[in-house]
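What follows is each chain in one-letter form.
Protein chains: 2
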Amino acid sequence: MIREKIAQAIGILSELEVDAWMTFVRESDKSHDPCLDIVVGGNVTWQSAFIIGRGGEKIAVLGSLDKAAHEELGHYDEIVPYVQGITEPLREVLKRLDPARVAINFSKTDEMADGLTHGQFLALQDILAGTPYVDRFISAAPIVSRLRSRKLPAELERITRACAETVDVFEQLSKVLVPGMTETQIAASIKGFMNGKGLLPAWDEAHCPAVFTGPESAGAHAGPTERPMEPGHLMNVDFGMRVEGYCSDLQRTWYCPRPGEKEAPEAVKRGFETIRGAVKKAAAFMKPGVLGKDVDAVARGHITAAGYEEYPHALGHQIGREAHDGAGLLCPEWERYGDKPYAEVEKGQCYTIEPRLTVPGHGVATIEEIVVVEDDGVRFLSKPQEELWYIES
Amino acid sequence: MIREKIAQAIGILSELEVDAWMTFVRESDKSHDPCLDIVVGGNVTWQSAFIIGRGGEKIAVLGSLDKAAHEELGHYDEIVPYVQGITEPLREVLKRLDPARVAINFSKTDEMADGLTHGQFLALQDILAGTPYVDRFISAAPIVSRLRSRKLPAELERITRACAETVDVFEQLSKVLVPGMTETQIAASIKGFMNGKGLLPAWDEAHCPAVFTGPESAGAHAGPTERPMEPGHLMNVDFGMRVEGYCSDLQRTWYCPRPGEKEAPEAVKRGFETIRGAVKKAAAFMKPGVLGKDVDAVARGHITAAGYEEYPHALGHQIGREAHDGAGLLCPEWERYGDKPYAEVEKGQCYTIEPRLTVPGHGVATIEEIVVVEDDGVRFLSKPQEELWYIES
Numbered sequence: 522m523i524r525e526k527i528a529q530a531i532g533i534l535s536e537l538e539v540d541a542w543m544t545f546v547r548e549s550d551k552s553h554d555p556c557l558d559i560v561v562g563g564n565v566t567w568q569s570a571f572i573i574g575r576g577g578e579k580i581a582v583l584g585s586l587d588k589a590a591h592e593e594l595g596h597y598d599e600i601v602p603y604v605q606g607i608t609e610p611l612r613e614v615l616k617r618l619d620p621a622r623v624a625i626n627f628s629k630t631d632e633m634a635d636g637l638t639h640g641q642f643l644a645l646q647d648i649l650a651g652t653p654y655v656d657r658f659i660s661a662a663p664i665v666s667r668l669r670s671r672k673l674p675a676e677l678e679r680i681t682r683a684c685a686e687t688v689d690v691f692e693q694l695s696k697v698l699v700p701g702m703t704e705t706q707i708a709a710s711i712k713g714f715m716n717g718k719g720l721l722p723a724w725d726e727a728h729c730p731a732v733f734t735g736p737e738s739a740g741a742h743a744g745p746t747e748r749p750m751e752p753g754h755l756m757n758v759d760f761g762m763r764v765e766g767y768c769s770d771l772q773r774t775w776y777c778p779r780p781g782e783k784e785a786p787e788a789v790k791r792g793f794e795t796i797r798g799a800v801k802k803a804a805a806f807m808k809p810g811v812l813g814k815d816v817d818a819v820a821r822g823h824i825t826a827a828g829y830e831e832y833p834h835a836l837g838h839q840i841g842r843e844a845h846d847g848a849g850l851l852c853p854e855w856e857r858y859g860d861k862p863y864a865e866v867e868k869g870q871c872y873t874i875e876p877r878l879t880v881p882g883h884g885v886a887t888i889e890e891i892v893v894v895e896d897d898g899v900r901f902l903s904k905p906q907e908e909l910w911y912i913e914s
Numbered sequence: 522m523i524r525e526k527i528a529q530a531i532g533i534l535s536e537l538e539v540d541a542w543m544t545f546v547r548e549s550d551k552s553h554d555p556c557l558d559i560v561v562g563g564n565v566t567w568q569s570a571f572i573i574g575r576g577g578e579k580i581a582v583l584g585s586l587d588k589a590a591h592e593e594l595g596h597y598d599e600i601v602p603y604v605q606g607i608t609e610p611l612r613e614v615l616k617r618l619d620p621a622r623v624a625i626n627f628s629k630t631d632e633m634a635d636g637l638t639h640g641q642f643l644a645l646q647d648i649l650a651g652t653p654y655v656d657r658f659i660s661a662a663p664i665v666s667r668l669r670s671r672k673l674p675a676e677l678e679r680i681t682r683a684c685a686e687t688v689d690v691f692e693q694l695s696k697v698l699v700p701g702m703t704e705t706q707i708a709a710s711i712k713g714f715m716n717g718k719g720l721l722p723a724w725d726e727a728h729c730p731a732v733f734t735g736p737e738s739a740g741a742h743a744g745p746t747e748r749p750m751e752p753g754h755l756m757n758v759d760f761g762m763r764v765e766g767y768c769s770d771l772q773r774t775w776y777c778p779r780p781g782e783k784e785a786p787e788a789v790k791r792g793f794e795t796i797r798g799a800v801k802k803a804a805a806f807m808k809p810g811v812l813g814k815d816v817d818a819v820a821r822g823h824i825t826a827a828g829y830e831e832y833p834h835a836l837g838h839q840i841g842r843e844a845h846d847g848a849g850l851l852c853p854e855w856e857r858y859g860d861k862p863y864a865e866v867e868k869g870q871c872y873t874i875e876p877r878l879t880v881p882g883h884g885v886a887t888i889e890e891i892v893v894v895e896d897d898g899v900r901f902l903s904k905p906q907e908e909l910w911y912i913e914s
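Chains A and B, in that order, are what the protein sequence lines are.
If you're matching positions, the first sequence starts at 522 in this note's numbering and goes up one per residue.
If you're matching positions, the second sequence starts at 522 in this note's numbering and goes up one per residue.
Some hints could be false.
[To be verified] Covered stretches of chain A (chain B as the covering partner; in silico rule of three or more C-beta atoms under 8 angstroms from a C-beta of chain B):
{"no.": "1", "stretch": "628-634"}
{"no.": "2", "stretch": "643-651"}
{"no.": "3", "stretch": "700-713"}
{"no.": "4", "stretch": "724-734"}
{"no.": "5", "stretch": "756-765"}
{"no.": "6", "stretch": "768-778"}
[As the list claims (entries may be wrong)] Pairs of lysine-lysine, BS3-like flavour, derived with a Cα cap of 25 angstroms:
{"no.": "7", "chain 1": "B", "residue 1": "Lys712", "chain 2": "A", "residue 2": "Lys718"}
{"no.": "8", "chain 1": "A", "residue 1": "Lys790", "chain 2": "A", "residue 2": "Lys802"}
{"no.": "9", "chain 1": "A", "residue 1": "Lys868", "chain 2": "A", "residue 2": "Lys808"}
{"no.": "10", "chain 1": "A", "residue 1": "Lys868", "chain 2": "A", "residue 2": "Lys712"}
{"no.": "11", "chain 1": "A", "residue 1": "Lys718", "chain 2": "B", "residue 2": "Lys904"}
{"no.": "12", "chain 1": "A", "residue 1": "Lys904", "chain 2": "A", "residue 2": "Lys808"}
{"no.": "13", "chain 1": "B", "residue 1": "Lys801", "chain 2": "B", "residue 2": "Lys904"}
{"no.": "14", "chain 1": "A", "residue 1": "Lys718", "chain 2": "A", "residue 2": "Lys588"}
{"no.": "15", "chain 1": "B", "residue 1": "Lys868", "chain 2": "B", "residue 2": "Lys904"}
{"no.": "16", "chain 1": "A", "residue 1": "Lys790", "chain 2": "A", "residue 2": "Lys801"}
{"no.": "17", "chain 1": "A", "residue 1": "Lys712", "chain 2": "B", "residue 2": "Lys801"}
{"no.": "18", "chain 1": "A", "residue 1": "Lys712", "chain 2": "B", "residue 2": "Lys712"}
[Claimed, not checked] Residues of chain A clear of chain B, computed beta-carbon distances all greater than 12 angstroms:
{"no.": "19", "residue": "Ala589"}
{"no.": "20", "residue": "Leu618"}
{"no.": "21", "residue": "Leu720"}
{"no.": "22", "residue": "Arg797"}
To be clear, the hints were calculated from the coordinates, so they are not data collected in a lab.
C-beta: ideal position from N, C-alpha, C; glycine also.
Turn these sequences into a full structure, and let the hints steer you where they fit.
Here's what the structure looks like:
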């Protein structure tokens, strides 16, 4: 996959007319530039430059003790090791390529294209002081966003499998849920099913799965608590797993009936159907060329038109090697989203769609699905939740 | 431990006369600032500022959906949540503190103090544009290096336990080693012993343990290969584990005798004794106030005086929450080490001591121990390897 993504990167460099893209890192096991997972496939200890050229060049300049590991990976045709310092070999390589522009990994808004630390940016300026290249840096964000977004068939296949495995965990979970289980116990069941599959969570395990039950739950991004799922509660789970390095990220909603209740109360059903409608409308609206903010507005407007408060987050994010895979979002024009609302939806991208609303006295109704953008619209990679699920008592 | 380290940080701010230290992060699960592990203990999704003030202030400005998780952690007295953007609340908090200098996490040479990405540095300049604080940034490296280096008793206790567990793994390993085992098989045995203890590796599992056998091995930082341990080989292992978040990092050397050999050849014994002598001399030289480069020179000089080539790396690094814990190193004045050779050894610091040399035709002799700096010298936290270990055939 690394080899194919490097080939794709070379094509993107041509398309954007950028001569060279340099991933500059050190102690990358700790300060980990996310681009390493896409075009390197390993870590380094000392200052290292992984350079991909528009002409197909693949050159790594790195500390001598990291050489064997990267030769073994075999993704870079030329490996230039050094013992004392990177200055001389890096200058020599850049002089040879003589790029008019050198893309490096920084971005104010795209966290997946922002792996260069500020200290290493300053160090790079020192290393190249007096050469023309120090004034030729540009942000690699346009390269990185295209490279992560444009999913190869093999990447789509892995995300699809991750979705199917996650839906399967939800189905297994449905069979063991009983009133009175705490959020922590529900999370433990989910982890058990995940362990049974030999898979790992898609994000940090303290919050994957996230489980929320009832009207007083802590809300997204908090860990599971000792709160029990009681009759009358809406309970929802936010969960994803990795399959061969690619992620799912799905949410499902259950209702825990009160004694004697055959169906959920109208308010609960209406909340769930409003969410389901928001997902469907947003998905139907999406196609290449529409802006992320306009997709968000479709779902947000559907929810507020029904009289609910708007959700305090984006409608959806891209997904791939990471659950939050950076670049364009389906989000409102809020400060915290920077220029992301104005990104165009493009063919080959994968997005979550995850509106939410509160049903007073019951809890949160939310569904999260994953879609891939195709020529004329989107296709669901996850089997959608079509109806509210009930806890059997 | 987070609470104690924050208290320690407040003392260091006083000592350095810095009014405020701000850890500024977003999507920190992916772009992970190492300072989060020391003074936050959790992650965030949106732009967030964790501010510690010289007057004891502990203020976190973060996205509303991250609020519950950080309230639950309870390390910050004041949590200021926002929905749309961090600009207004962050400006308000800084105006209230009105710091003369604001330390932020960037450093050309100390990777543990360099968690701020360049894109977020630029974003921070936008956020604070027009305020006086944008011109009051300084590097937090002097704070971070002191905070990580000065081990609390509870931190020393964990490192000591990690060392003891690792030495125990080496002893278990010694009992199962036989000639012909490959590096991969030896690594698998080590992982089995580690799993039996329910512990995790101290660095990325592809290189932890690292195993090298014989004269043709790939050298430090490469993963284990299918190379078999043959009679006449020196075999060494570089391995560490985490105990309650704190690391060990130790190396041991074995000799695989040829048929009929009662003892290792003179050249092998001399190589091992030279390494052992280098460790002892360096440890005896270390005390508060000496420079890292001078400690390195003691060991390096001992090895070159015996006629061996010098090792192509530093003598030792600090260790703690990470195996490579940043700040001052015991290293030569090479470009790649920046200003690290000139750092003073201080009381409370923990260092590895890990010289190496090649015995032609046999392989690498190396020992890595861990010491803590005390008032007048150092104390070994690892039970040192005193003699060459033999493989039973």
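Do the hints match the structure? See the list:
Counting residues of the stretch 628-634 of chain A whose CB falls under 8 angstroms from any CB of chain B gives 7; the rule of at least 3 is met. For the stretch 643-651 of chain A, the stated coverage by chain B holds: 3 residues have a C-beta nearer than 8 angstroms to a C-beta of that chain, and at least 3 were required. Requiring three or more residues with a Cβ within less than 8 angstroms of a Cβ of chain B, the coverage given for the stretch 700-713 of chain A is violated, as only 0 such residues are present. Counting residues of the stretch 724-734 of chain A whose CB lies closer than 8 angstroms to any CB of chain B gives 4, so the stated coverage by that chain holds, three being the minimum.
Restraint check on the stretch 756-765 of chain A versus chain B: 0 residues with Cβ-Cβ distances below 8 angstroms, three needed, restraint violated. With 0 residues having a Cβ less than 8 angstroms from any Cβ of chain B, the stretch 768-778 of chain A misses the three-residue criterion, and the hint is violated. Taking the CA atoms of lysine 712 of chain B and lysine 718 of chain A, the gap is about 21 angstroms. The hint holds against a cut of 25 angstroms. Restraint check: the Cα-Cα separation between lysine 790 of chain A and lysine 802 of chain A comes to about 18 angstroms, which is no more than 25 angstroms; the hinted pair holds.
Our distance criterion of 25 angstroms between C-alpha atoms is met by lysine 868 of chain A and lysine 808 of chain A, whose separation comes to about 8 angstroms. For the proposed pair lysine 868 of chain A and lysine 712 of chain A, the alpha carbon gap of about 34 angstroms is over 25 angstroms, so the pair is violated. Annotation: proposed proximity of lysine 718 of chain A to lysine 904 of chain B is violated, straight-line Cα distance about 40 angstroms (limit 25 angstroms). Distance restraint check for lysine 904 of chain A and lysine 808 of chain A: the Cα-Cα separation of roughly 20 angstroms lies within the 25 angstroms cut-off, and the hinted pair is therefore satisfied.
Distance hint between lysine 801 of chain B and lysine 904 of chain B is fulfilled; the C-alpha atoms sit about 13 angstroms from each other, no more than 25 angstroms. As the CA atoms of lysine 718 of chain A and lysine 588 of chain A are separated by approximately 35 angstroms, the hinted pair breaks the 25 angstroms bound. For the hint pairing lysine 868 of chain B with lysine 904 of chain B, the CA-to-CA distance comes to about 20 angstroms; that is within 25 angstroms, so the pair holds. Between lysine 790 of chain A and lysine 801 of chain A the alpha-carbon distance is near 16 angstroms, which keeps this suggested pair within the 25 angstroms criterion.
The hinted pair formed by lysine 712 of chain A and lysine 801 of chain B fails the criterion: a straight-line CA distance of about 48 angstroms is larger than 25 angstroms. Using a Cα cut-off of 25 angstroms, the hinted pair lysine 712 of chain A and lysine 712 of chain B holds, with the two alpha carbons roughly 23 angstroms apart. In this structure alanine 589 of chain A is not separated from chain B by more than 12 angstroms, as the shortest Cβ-Cβ distance comes to only about 4 angstroms. Here leucine 618 of chain A stays apart from chain B, with its beta-carbon at least about 22 angstroms from theirs, past the 12 angstroms limit.
For leucine 720 of chain A, the requirement that its beta carbon stay farther than 12 angstroms from each beta carbon of chain B is met, with the minimum near 17 angstroms. Against chain B, the non-interface label of arginine 797 of chain A holds: every CB pair exceeds 12 angstroms, the least being about 22 angstroms.
Consistency note: the structure conflicts with the earlier hints numbered 3, 5, 6, 10, 11, 14, 17, 19.
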